[in-house]
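Those protein sequences? They're chains A and B, same order as listed.
Here this note's numbering is used: the first sequence runs in plain steps of one and ends on residue 252.
Here this note's numbering is used: the second sequence runs in plain steps of one and ends on residue 135.
You may find that some hints are simply not true.
For each label pair, taking beta carbons as the anchor points, the in silico distance ranges come out as [as the list claims (entries may be wrong)]:
{"#": "1", "chain 1": "A", "residue 1": "V134", "chain 2": "B", "residue 2": "E59", "range": "22 to 30 Å"}
{"#": "2", "chain 1": "A", "residue 1": "D232", "chain 2": "B", "residue 2": "K129", "range": "28 to 36 Å"}
{"#": "3", "chain 1": "A", "residue 1": "G171", "chain 2": "B", "residue 2": "Y126", "range": "27 to 35 Å"}
{"#": "4", "chain 1": "B", "residue 1": "Q111", "chain 2": "A", "residue 2": "P209", "range": "20 to 28 Å"}
{"#": "5", "chain 1": "A", "residue 1": "T121", "chain 2": "B", "residue 2": "R68", "range": "26 to 34 Å"}
{"#": "6", "chain 1": "A", "residue 1": "V118", "chain 2": "B", "residue 2": "K129", "range": "21 to 29 Å"}
{"#": "7", "chain 1": "A", "residue 1": "G114", "chain 2": "B", "residue 2": "E36", "range": "32 to 40 Å"}
{"#": "8", "chain 1": "B", "residue 1": "G39", "chain 2": "A", "residue 2": "E185", "range": "45 to 53 Å"}
{"#": "9", "chain 1": "A", "residue 1": "A214", "chain 2": "B", "residue 2": "R71", "range": "36 to 44 Å"}
{"#": "10", "chain 1": "B", "residue 1": "E115", "chain 2": "A", "residue 2": "A141", "range": "19 to 27 Å"}
{"#": "11", "chain 1": "B", "residue 1": "Q119", "chain 2": "A", "residue 2": "D144", "range": "23 to 31 Å"}
{"#": "12", "chain 1": "A", "residue 1": "D184", "chain 2": "B", "residue 2": "G102", "range": "51 to 59 Å"}
{"#": "13", "chain 1": "B", "residue 1": "G102", "chain 2": "A", "residue 2": "K186", "range": "52 to 60 Å"}
{"#": "14", "chain 1": "B", "residue 1": "G39", "chain 2": "A", "residue 2": "I127", "range": "35 to 43 Å"}
With a straight-line cut-off of 25 Å between C-alpha atoms, the simulated SDA-like cross-links for lysine to any residue are [stated by the list, open to error]:
{"#": "15", "chain 1": "B", "residue 1": "K60", "chain 2": "A", "residue 2": "P215"}
{"#": "16", "chain 1": "A", "residue 1": "K182", "chain 2": "B", "residue 2": "K129"}
{"#": "17", "chain 1": "B", "residue 1": "K60", "chain 2": "A", "residue 2": "E218"}
{"#": "18", "chain 1": "B", "residue 1": "K129", "chain 2": "A", "residue 2": "E218"}
{"#": "19", "chain 1": "B", "residue 1": "K108", "chain 2": "A", "residue 2": "C210"}
{"#": "20", "chain 1": "B", "residue 1": "K60", "chain 2": "A", "residue 2": "I125"}
{"#": "21", "chain 1": "B", "residue 1": "K129", "chain 2": "B", "residue 2": "V80"}
{"#": "22", "chain 1": "B", "residue 1": "K129", "chain 2": "B", "residue 2": "Q64"}
{"#": "23", "chain 1": "B", "residue 1": "K33", "chain 2": "A", "residue 2": "Y169"}
{"#": "24", "chain 1": "B", "residue 1": "K129", "chain 2": "A", "residue 2": "I127"}
{"#": "25", "chain 1": "B", "residue 1": "K129", "chain 2": "A", "residue 2": "V166"}
{"#": "26", "chain 1": "B", "residue 1": "K60", "chain 2": "A", "residue 2": "Y131"}
{"#": "27", "chain 1": "B", "residue 1": "K72", "chain 2": "A", "residue 2": "P215"}
{"#": "28", "chain 1": "A", "residue 1": "K119", "chain 2": "A", "residue 2": "Y169"}
{"#": "29", "chain 1": "B", "residue 1": "K60", "chain 2": "A", "residue 2": "S126"}
{"#": "30", "chain 1": "B", "residue 1": "K60", "chain 2": "A", "residue 2": "E217"}
{"#": "31", "chain 1": "B", "residue 1": "K60", "chain 2": "A", "residue 2": "K119"}
{"#": "32", "chain 1": "A", "residue 1": "K182", "chain 2": "A", "residue 2": "E217"}
{"#": "33", "chain 1": "B", "residue 1": "K129", "chain 2": "B", "residue 2": "G103"}
{"#": "34", "chain 1": "B", "residue 1": "K129", "chain 2": "A", "residue 2": "A151"}
{"#": "35", "chain 1": "B", "residue 1": "K72", "chain 2": "B", "residue 2": "R58"}
{"#": "36", "chain 1": "B", "residue 1": "K108", "chain 2": "A", "residue 2": "E218"}
{"#": "37", "chain 1": "B", "residue 1": "K72", "chain 2": "B", "residue 2": "R96"}
{"#": "38", "chain 1": "A", "residue 1": "K119", "chain 2": "A", "residue 2": "K176"}
{"#": "39", "chain 1": "B", "residue 1": "K60", "chain 2": "A", "residue 2": "K176"}
I should point out that these hints are in silico values taken from the structure, not numbers from a laboratory.
Using N, Cα and C, we set each Cβ at its ideal position, and we do this for glycine too.
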Amino acid sequence: MIKGNNSVKLTLPAISINESYARVAAAALAAQADPTIEQIADIKTAVSEAVTNVIVHAYRGMPAGKVYITMKLDEKGIFTVTVRDTGCGIEDIGRAREPCFTTAPAEERSGMGFSIMETFMDSLRVRSRPGRGTTVTMIKRL
Amino acid sequence: MELSVIPLFLCAKADRLPARQREHTERGERMNLKLMEENGVLVAAVAGEIDHHSAVLLREKVDRQIAARRPRKLCIDLSGVSFMDSSGLGFIMGRYRNMAGLGGEVSVKGAQGRIEAVLQMSGAYRYVRKAEEENT
Numbered sequence: 111m112i113k114g115n116n117s118v119k120l121t122l123p124a125i126s127i128n129e130s131y132a133r134v135a136a137a138a139l140a141a142q143a144d145p146t147i148e149q150i151a152d153i154k155t156a157v158s159e160a161v162t163n164v165i166v167h168a169y170r171g172m173p174a175g176k177v178y179i180t181m182k183l184d185e186k187g188i189f190t191v192t193v194r195d196t197g198c199g200i201e202d203i204g205r206a207r208e209p210c211f212t213t214a215p216a217e218e219r220s221g222m223g224f225s226i227m228e229t230f231m232d233s234l235r236v237r238s239r240p241g242r243g244t245t246v247t248m249i250k251r252l
Numbered sequence: 000m001e002l003s004v005i006p007l008f009l010c011a012k013a014d015r016l017p018a019r020q021r022e023h024t025e026r027g028e029r030m031n032l033k034l035m036e037e038n039g040v041l042v043a044a045v046a047g048e049i050d051h052h053s054a055v056l057l058r059e060k061v062d063r064q065i066a067a068r069r070p071r072k073l074c075i076d077l078s079g080v081s082f083m084d085s086s087g088l089g090f091i092m093g094r095y096r097n098m099a100g101l102g103g104e105v106s107v108k109g110a111q112g113r114i115e116a117v118l119q120m121s122g123a124y125r126y127v128r129k130a131e132e133e134n135t
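My request is simple: use the sequences and hints to build the entire structure.
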């Protein structure tokens, strides 16, 4: 299969029913590079984690905002996904990325979101400004 | 004894449907839960996708049965689950805490592929037992 340049931009309300929409959209774009079933599962899981983080944490204490998703697949089969919000931001990114760290234990959050993104994707970058929002960028070579 | 087959969507509306129709109605939700109890073991067989959205309803349904039946053991059967992220881990560990508080225990069975990878990497098996397919 020829791996072509393709890209998708999605803006979704940050509500939980859109978690499945986001990961299915990511899988549909990645599928154009003829990936393995495991690679598709990795992308779906990582995107679900990133979008869930926005829904659970980013707009806490304020009206639910939007989640902005940009996905790109290049001719070499490199899949890049960016998940951005304009919410509260993360005070301490290092701590947030630690396994089992969560600010929402009462909601049964496991604190494994960033660890899963890191393990299942080839790279993970997190940029955040408190009060301004967070951008998570992940890359997977297909 | 089968307690219920609960499609996790608009439950009030689902209750008005015949059982057969209820079992197969999806309406945008991607998960079903089947609860059975035998000899003090409550088996929660989940099918479909477990994410943050579906885990909220899943938690409510399972906790209601735990509170009503006080089982010795809860077995979470994931063999019908096609997708699970860390929200599923939260669900499993939350039930572990509930059951431990009642002096009971939790086992998990049927996890495949990335679902098993998520369970392994999280260390969940330090708390919940991994049951063989034929057991609970």
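Need the status of pair B/K60, A/K119: alpha-carbon distance at most 25 Å?
violated (36 Å)
Proposed proximity, A/E217 with B/K60 (alpha carbon, max 25 Å):
holds (16 Å)
Range first: 28 to 36 Å. Now tell me if the beta carbons of A/D232 and B/K129 are that far apart.
holds (29 Å)
Given a hint of 19 to 27 Å, does the C-beta separation of B/E115 and A/A141 actually sit inside it?
Holds: the Cβ-Cβ distance is about 23 Å, inside 19 to 27 Å.
Below or equal to 25 Å on CA atoms is what counts here, so check B/K72 against B/R96.
Judged against 25 Å, a Cα distance of about 12 Å means the pair holds.
25 Å Cα cutoff - pair B/K129, B/G103:
holds (15 Å)
Need the status of pair B/K60, A/S126: alpha-carbon distance at most 25 Å?
holds (18 Å)
Between the beta carbons of B/G102 and A/K186, is the distance compatible with 52 to 60 Å?
holds (56 Å)
Tell me if the straight-line CA distance from B/K60 to A/E218 falls inside 25 Å.
holds (15 Å)
Does the beta carbon distance between B/Q111 and A/P209 stay inside 20 to 28 Å, or does it fall outside?
holds (23 Å)
Can the restraint linking A/K182 and B/K129 be considered satisfied, given a maximum Cα separation of 25 Å?
The given pair, whose Cα atoms are some 39 Å apart, is violated under the 25 Å limit.
Hey, A/K119 versus A/Y169, does the alpha-carbon distance stay inside 25 Å?
holds (21 Å)
Consistency note: the structure conflicts with the earlier hints numbered 5, 6, 7, 8, 9, 16, 23, 24, 25, 31, 32, 39.
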